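Engineer: This is what each chain is made of:
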Amino acid sequence: MKLERKNNNLLKRWIRFFAGLIILVLMVVFFGSGYTPPGAFGEVLRHNQTCSIDASPLFYSEVENMAVLEEGVRELIEIKKSLKEQ
Amino acid sequence: MERGIRSLWKSEDWWAVWIGFIIIFGSIAKIIPKIPKVGKWTGDPLKAFMVIKDDVVAGNIFIPLLFLMIFLAILTAIGIAFMRTEKIGRYMAGFVGVFVIAVISYWIANQVNIKYWGLSYALWALLVGLLISNTIGTPGWLKAGAKTELFIKIGLVLLGAEILFKKILSLGPPGLMVAWIVTPVVVIFMYRFGTSLLKMKNKELVIIIACATSVCGVSAAIAAAAACCAKKEDLTLAVGMTLIFTVLMMFFMPLGIKFIGMNDVLGAAWMGGTIDSTGAVVAAGSMLGPTAEKVAAVVKMIQNVLIGLLAFVIAVYWVTVVNREQCETEGRPNAMEIWYRFPKFVIGFLAASLLFSFVMVPAMQGNFNLVESTYINSVTKVLRGWFFCLAFVAIGLESNFKDLASRMEGGKPLSLYVIGQSFNLVLTLFIAFLAFMVFFPDAI
Numbered sequence: 001m002k003l004e005r006k007n008n009n010l011l012k013r014w015i016r017f018f019a020g021l022i023i024l025v026l027m028v029v030f031f032g033s034g035y036t037p038p039g040a041f042g043e044v045l046r047h048n049q050t051c052s053i054d055a056s057p058l059f060y061s062e063v064e065n066m067a068v069l070e071e072g073v074r075e076l077i078e079i080k081k082s083l084k085e086q
Numbered sequence: 001m002e003r004g005i006r007s008l009w010k011s012e013d014w015w016a017v018w019i020g021f022i023i024i025f026g027s028i029a030k031i032i033p034k035i036p037k038v039g040k041w042t043g044d045p046l047k048a049f050m051v052i053k054d055d056v057v058a059g060n061i062f063i064p065l066l067f068l069m070i071f072l073a074i075l076t077a078i079g080i081a082f083m084r085t086e087k088i089g090r091y092m093a094g095f096v097g098v099f100v101i102a103v104i105s106y107w108i109a110n111q112v113n114i115k116y117w118g119l120s121y122a123l124w125a126l127l128v129g130l131l132i133s134n135t136i137g138t139p140g141w142l143k144a145g146a147k148t149e150l151f152i153k154i155g156l157v158l159l160g161a162e163i164l165f166k167k168i169l170s171l172g173p174p175g176l177m178v179a180w181i182v183t184p185v186v187v188i189f190m191y192r193f194g195t196s197l198l199k200m201k202n203k204e205l206v207i208i209i210a211c212a213t214s215v216c217g218v219s220a221a222i223a224a225a226a227a228c229c230a231k232k233e234d235l236t237l238a239v240g241m242t243l244i245f246t247v248l249m250m251f252f253m254p255l256g257i258k259f260i261g262m263n264d265v266l267g268a269a270w271m272g273g274t275i276d277s278t279g280a281v282v283a284a285g286s287m288l289g290p291t292a293e294k295v296a297a298v299v300k301m302i303q304n305v306l307i308g309l310l311a312f313v314i315a316v317y318w319v320t321v322v323n324r325e326q327c328e329t330e331g332r333p334n335a336m337e338i339w340y341r342f343p344k345f346v347i348g349f350l351a352a353s354l355l356f357s358f359v360m361v362p363a364m365q366g367n368f369n370l371v372e373s374t375y376i377n378s379v380t381k382v383l384r385g386w387f388f389c390l391a392f393v394a395i396g397l398e399s400n401f402k403d404l405a406s407r408m409e410g411g412k413p414l415s416l417y418v419i420g421q422s423f424n425l426v427l428t429l430f431i432a433f434l435a436f437m438v439f440f441p442d443a444i
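Keeping their order, the protein sequence lines are chains A and B. Each residue of the first sequence is one higher than the one before, counting from 1 in the working numbering. Each residue of the second sequence is one higher than the one before, counting from 1 in the working numbering.
None of these hints come from the bench; they were simulated from the model. In this text, all values refer to a predicted model and were calculated from it rather than measured experimentally. Warning: the hint list may mix true and false statements.
Unchecked claim - One-sided excerpt, in silico: chain B residues whose CB lies under 10 Å from chain A:
| id | residue |
| --- | --- |
| 1 | Ala93 |
| 2 | Asn134 |
| 3 | Ile163 |
| 4 | Ser170 |
| 5 | Val185 |
| 6 | Ile188 |
| 7 | Thr195 |
| 8 | Leu255 |
| 9 | Pro290 |
| 10 | Ala296 |
| 11 | Thr320 |
| 12 | Asn323 |
What the hints assert, rightly or not - For lysine-lysine, the following DSS-like pairs were computed, each having C-alpha atoms within a straight-line distance of at most 30 Å:
| id | chain 1 | residue 1 | chain 2 | residue 2 |
| --- | --- | --- | --- | --- |
| 13 | B | Lys166 | B | Lys87 |
| 14 | B | Lys402 | A | Lys6 |
| 15 | B | Lys166 | A | Lys80 |
Unchecked claim - Short derived list, chain B residues pointing at chain A, Cβ under 7 Å:
| id | residue |
| --- | --- |
| 16 | Lys115 |
| 17 | Met408 |
| 18 | Ile444 |
Idealized CB from N, CA, C, for every residue including glycine.
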């Protein structure tokens with residue numbers, strides 16, 4: 001009786017695990033499919049796809065083109081300064 | 001708690017500092033070679049493990065990943081052997097399991113379309129860990145390798161190397177105004193609001209949510225959690241919320257800004273100061289144009305630099321005020337007691353930042369890019385990512401939904417996030433307007 005209950009519990013756990021795994025796989029398939037929501041909601045995603053923008057970095061140093069962006073700001077400041085002097 | 005000289009080789013905090021600095025000096029001395037990382041892929045999952053040069057497969061990273069796993073297992077096992085917190089054989093076996101899950105998490109996160117959504121490795125590592133712990137249960141041998149605090153602390157010491165103080169001047173006074181005036185105000189507001197008005201008992205959760213909302217999402221949450229010795233479930237909850245709201249803000253803020261016809265630079269500064277993670281800021285900024293993309297990213301970068309200072313202040317506040325309130329019977333702690341309780345890894349975190357900001361950068365004639373490309377990008381940054389990923393796997397493996405639900409306190413953390421973020425949005429817009437439109441209109 002005890003062994004049967006233990007086996008049932010174990011079976012339930014594994015069923016829960018596989019159900020969770022299926023949900024996780026479905027999430028990966030959905031987000032990885034390249035689907036974008038229609039209308040305004042998907043506009044940023046479509047822009048990211050078109051311009052190959054990685055939106056996942058957590059910290060500034062993880063952004064691949066951070067040095068280029070920083071340099072861009074420096075250039076913008078310089079341009080403004082020179083315009084002001086003129 | 002280990003005290004006195006023994007703590008130098010018996011405490012986890014000090015081991016995080018030693019291991020972090022072994023890696024940092026190994027990187028400076030060029031002893032540690034380039035660290036492998038899982039690559040991007042679109043349709044072919046195996047591409048993530050291939051080395052591609054000039055569009056041709058030049059090899060794979062399976063062997064380098066194996067060496068990395070062995071290197072990290074040995075490095076951390078030395079600390080564990082001294083601390084005697086686990087049997088080494090058991091730890092090594094568990095570490096292999098945790099590392100494999102970390103590789104799977106990186107592999108999922110590096111799918112190109114998933115990257116466009118802004119779903120980082122932290123989310124996948126947490127989900128895979130939570131899936132195991134809440135269904136079949138985390139086996140004992142795997143738990144032995146899940147050393148969350150140690151991984152987080154080593155990761156934070158390494159993160160210190162990426163925080164270069166002089167970067168705060170990149171955008172001049174207006175950038176500083178948006179990033180450095182608003183952020184502390186929002187942190188204090190949210191902390192007071194959460195503890196006094198919402199009457200949240202879990203002060204650690206309040207400060208983690210406050211830092212995640214006002215500084216830089218997940219990274220700030222990790223730093224704050226470690227500085228105040230929060231529970232893993234607090235970090236899981238805060239990270240979960242910040243990841244969801246970051247995606248929503250990335251979707252809707254640029255659309256709103258475009259809709260009302262706000263000035264691009266003002267909109268960029270607003271998004272840079274409010275959207276939690278840098279990747280989402282860059283994506284949202286890019287929607288407004290190239291100038292906005294640059295301004296938004298740099299504002300966020302300036303804000304990111306605050307993370308070290310914030311971790312230090314939180315650590316000091318916790319050992320001097322919060323811990324004292326919690327142990328009223330013990331009386332006021334003296335200076336030695338404060339020092340004993342102080343999370344020492346914060347010292348390593350700040351020391352790494354100071355070393356790179358004021359020694360390495362000047363040694364390279366002030367060339368940030370050279371320091372980053374020579375020492376940070378190929379070693380410390382990649383290893384920091386691995387340690388954070390391992391930490392999130394470990395958190396997932398040790399968390400359960402019941403504990404998470406019990407921390408919701410009737411939805412108070414969610415209310416705190418929503419109200420705090422709303423305050424952040426209003427204040428950042430106001431200060432950004434003053435900075436970029438009134439005081440320094442010709443800055444950009």
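Engineer: List, from low to high, the hint numbers that the structure doesn't satisfy.
Structural biologist: 1, 5, 6, 7, 11, 12, 13, 17
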